[in-house]
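Trainee: Residues per chain, in single letters:
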Amino acid sequence: MPTPASRAVSGGAEVVLRLDGITKRFGPLLANDGISLTLRAGEVLALLGENGAGKTTLMNILFGHYVADSGTIEAFGRPLPPGSPKAALRAGIGMVHQHFTLADNLSVLDNVAVGTERLWRPWSDRAAAKRKLLALAQRFGLGVRPDAPVGDLSVGERQRVEILKALYRDARILILDEPTAVLTPQESAGLFDTLRKLTADGLAVVFISHKMNEVFAASDTVAVLRAGKLVATHATASTDQHRLAELMVGRAVKPPAPAALVPGAPVLELASVTVASGHGRPLLDTVDLTVRRHQVIGIAGVSGNGQTALAELVSGLIHPAGGHAALKGERIDRADPAGMVRRGVARIPEDRHSAGLVGAMAVWENLIAERYRDRDFSRLGVLRRGAARAYAREVISAFDVRCPGPDARTQLLSGGNMQKLILGRTLAHGPDLILASQPTRGLDVGAVSYVHGRLLEARARGAGVLLISEDLDEILALADSIAVIHHGRLTPLLPHGRVSVGQLGLLMAGHWDILPEIVDAA
Amino acid sequence: MRLEPRTDTPLAVRLLAPLGAVLAALALCALLVAWTGAPVLRAYGLLIEGAVGSRFALTETLTRATPLILTGLAAAVAFRAKLWNIGAEGQLYMGALAAVVLGGGMLDLPAWLLMPVVLLAGMAAGGVTLLGPAVLKVRFGVDEVVTTLLLNFVVLLFVSMLLEGALKDPMGMGWPQSAPVDPAAELPKLVERTRLHAGLAIALGLSLLLWLIDTRTIWGYENRAVGANPRAAAFAGMPVTRVMLRTALLSGGLAGLAGAAEVCGLKGYLTLDLSPGFGYSGIVVAMLAQLHPLGVVGAALFIAGIFVGADAMSRAMPVPNYIADVLVATSLLCMLVAGLLARYRLRRG
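Going line by line, the protein sequences match chains A and B. The opening position of the first sequence corresponds to residue 1 in our numbering, with each subsequent residue numbered one higher. The opening position of the second sequence corresponds to residue 523 in our numbering, with each subsequent residue numbered one higher.
Treat the hints loosely; a few may be bogus.
Claimed, not checked - What follows is a list of derived Cβ distance ranges for each label pair:
{"id": "1", "chain 1": "A", "residue 1": "Ala521", "chain 2": "B", "residue 2": "Val657", "range": "54 to 60 Å"}
{"id": "2", "chain 1": "A", "residue 1": "Leu29", "chain 2": "B", "residue 2": "Arg865", "range": "16 to 22 Å"}
{"id": "3", "chain 1": "A", "residue 1": "Arg375", "chain 2": "B", "residue 2": "Pro710", "range": "54 to 60 Å"}
{"id": "4", "chain 1": "B", "residue 1": "Thr763", "chain 2": "A", "residue 2": "Gly462", "range": "33 to 39 Å"}
No lab work stands behind these hints: they were computed from the structure. Beta carbons: idealized from backbone N, C-alpha and C, even for Gly.
So here's chain A without its partners, still in its complex pose:
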C-alpha cells in the first residue's frame, strides 16, 4: 500500500493557499509570529505543534474567526478578506473544528444543508440536497444515513458529517483541527483513507495535530510551530519522528520509563458496580476492578462510554446503585467527596476548569479547598490565612507552579500550571489511591511529562493509580495493566505488553468477541 508520505506532491501543482507573514497578538502573548505557508492542490499539510504553539489561532485567522494584526492570505490567487468566515467559505475553505458544531436534534441532512439555503424561501429542495449529500458520501467513502438524528451518531460518524458539511459547501481546502483526538485507532485509519480520496480529487487538506505517528500516517508536508513561530517545513518523507519532536518542543524529550514493581495490597476494589443513568443503559454496568499499590491501571475507551461515571464514583460524587466499592478493604457506604479525601484518595478531575478549581478564587484558596476544615487551616471556623498562604507557597515551589504568588487569581494560570496546582493539592499528602481522569488533556509536552513523572513517582512510593484516559498513547506509556471501557462495561485487566494497539482499538469499538483470545494468550 503506498503511504501518502511516499506520494510526492509534484512541485508544479497549483498553489491554492498562501499565507504571508501572519502575525497575531493577544495582549502580551505573540500567538502567531510572521508565519508564511503555502498549500498546493492535492497536498496534505500537517500543522504540528504543542498546545499553545499557535496552530489553532492560525487556522482561526485563515477561517476568519480572528483578524490577523498583520499579514495576508491568498486563496486560489485571490486575496481573502480578513475576519469573515463567510468569505472563507465562499473562497472554498472548509473547517472541521475539534469540538463539533452540529445540532444534535437535527438530522444529518439538515445539519449539512443548514445555512446553505436562502432564508426567505417558502420551501426547501430537500430531495436535491439529499441527492447531493449522497453523491458526495459515495464519492469519498463517507458512509452516513441522511435521515438519522445527529444525536444518535457515534463520534466517528459525526466527524464524517462535519467533513460532508464542508464538502457540501464546495470546499476545496479542508482544515481539520485535531481530528483524531476523539477517534479509536481504527476510526483514525478510516479518516486517513478519506483524506487520501479527497486529495486524489484535488482537494488540499491542512490537518492540525500534536501526535507524531499521525503526521507520518497522513501528511505529505509537515510544518512545525513552536511558540507562535514556524520553526520548520519539511516533506514528511524526508524527516523522522525524533527530529520533529525536538523541533516541536525545542529540546530533547525522553519518554517516561516506569520501573518494574511488584503490585501490593489492593487499595480500590469494585465488585459488580452498577451506576444507573436514569434512563436506558446504565452508565456503569456490573463493573469489577481492583487497583493495587505500586500499580497503574489504565482505563482505555472512546469518550462517553462510562469514564465520567467511573471517575465520579471514585471521587465520591456518586454512590453505586448496585454492587459495592471498597477502599483499602473498607466498604464505601455513601457519596462523600470529603470522606474520600480523608481516606487517602487523590482525585484529579477530568475537567480542571469546571470541576477542579474555582477560577475566581486565589491560588491559596484553591490549594486548601479539600482541607480547609483541618486544624492547620482553620480554628473555630476562622481561616488561618497566614498558615494557608505559607502552605500554598510551599506547594507552589514543590510542584513548580508558575504563578505570581499565592494570591494570584487561579483563572490567570495556564492549563499546565492549573494541573500542577491540582497535583499539588492532591499529591502533597501522600495518597494511597490516585484517580487521574484525563490528567494531561490539553497540556503541552513539557507539562505532560511532568504529570506523568509525578504519577509514576507516586506509584513507586506505594500508591495505586487509576488512570482514565482517552489518549491511548498515554495509557500505553504508563499503565501496568489496561482495561477497556465500552457502553459502561469494563473488560478484565489486560497486562500491558500482552495486548496490541489494534486489539485495544477493536475492544474500544465494542468488538469484545476478540476478548477470549487475548485473555487466553495472556
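Given chain A, put chain B in place with the hints provided.
Mentor: Just chain B now, kept in the frame of chain A:
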C-alpha cells in the same frame, strides 16, 4: 479602536466603575429634568442640598439608608451564592409582621430583652420566607427568581388581610394599620428630635460583620466557592446544599430585619406602605456595590440621598419626585454597562 477582555481588573477601575455609572445616570436624567423646563444645574443643586445640605437632610438620608443597607446586604449575600432572591420586599414585610405581632404585647419579657427578641424574630420570619424557595431550588431545581418574586405579592396580600382583620388596630380610626409595638421594643434614637434610629448602627455593624465573615471564616470561604463554581466546590467536598440553605436564611433574615427595624425604629406600627420598595431597591444597592458588603453602605447612602434629595427638589421646582426612581433605575442600567466595560480595555488598531 477595539474592546479586548481584561485578564484582571485593577482596583481603581472597579472603584471608578460605579462612580462613572452614577455620573452617566445623572447626565442622562438631566435630559428629563431639562424637559420639564427646570434649570438642570439648579435642580441637581437642590437635590444635593436636600440630601446632605443640613442636619435634618443628613439624618433623613441616613434614616432612609438604614433599610436599604439591610436589603442591599440581603441581595448581595444571596447573589454572591447565585441565589437570585428577588423576594426581599416580601421578606421585609414578614419581618415587620413578626415584629408587630411579638412586639405588640404578645410576649411578656423584661424590657431590655424585648427589643432584641423582636428584631431576631423579624430576622427569623424573613429567613424562613426565603427558605421555602431555596429548598425548592436545591431539591427540585425550581427557579427561585419566579418563586421569590411571586411570594412578594402573596406576602403583601397576606399582610393586607391581617391589617384589615386580625391585626387591625382598634384605636386606628379604621385605617388598615396594626396596633403599635410596645415602647420597650422600640429602637432608641441616635440623634434627638430626628427620625434617625439605632437601626443604622445595626446595619453598619452587620455590613462590617458580613465582610469579616466573607473574608476570614470558613463560612465565607465556602459561600464564595459555592457562588463562583458550585461544581468545583462540590468536588472538593464542600456541603453545597447546606451553603445554599444557610445563605437563604441569612439573606431572608437581613431583609426581615430591615422590616423589623423600620417598625421598631421608625414607624412603630405596620401599614402597607411601610416600604416604598426597599426590597427591590436593595437589588440596585447590591449591584451598585458589586455585591461587596462594605460597598453596600456607600451604594445605600447614594440611593437614599437621591430619594430624599429628589423629594426636597420636587417641593421647590416643577420636577416630580419620580425623577428619583428614574435616576436609580438609570444608575442600575449604567452600572451594568460599566461593570461590563470594566472587564474590557480599549485598544487601538
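Trainee: State for each hint whether it applies.
Mentor: Against the structure, the hints come out as follows:
Checking the proposed 54 to 60 Å range against A/Ala521 and B/Val657 shows it holds: the Cβ atoms sit about 58 Å from each other. A hinted range of 16 to 22 Å for the beta carbons of A/Leu29 and B/Arg865 is consistent with their spacing of about 18 Å. One distance hint, 54 to 60 Å for the beta-carbon pair A/Arg375 and B/Pro710, is violated here, with the actual separation near 43 Å. At about 36 Å, the beta-carbon gap between B/Thr763 and A/Gly462 stays in the expected band of 33 to 39 Å.
Going through the hint list in order, the structure does not satisfy hint 3, though it satisfies all others.
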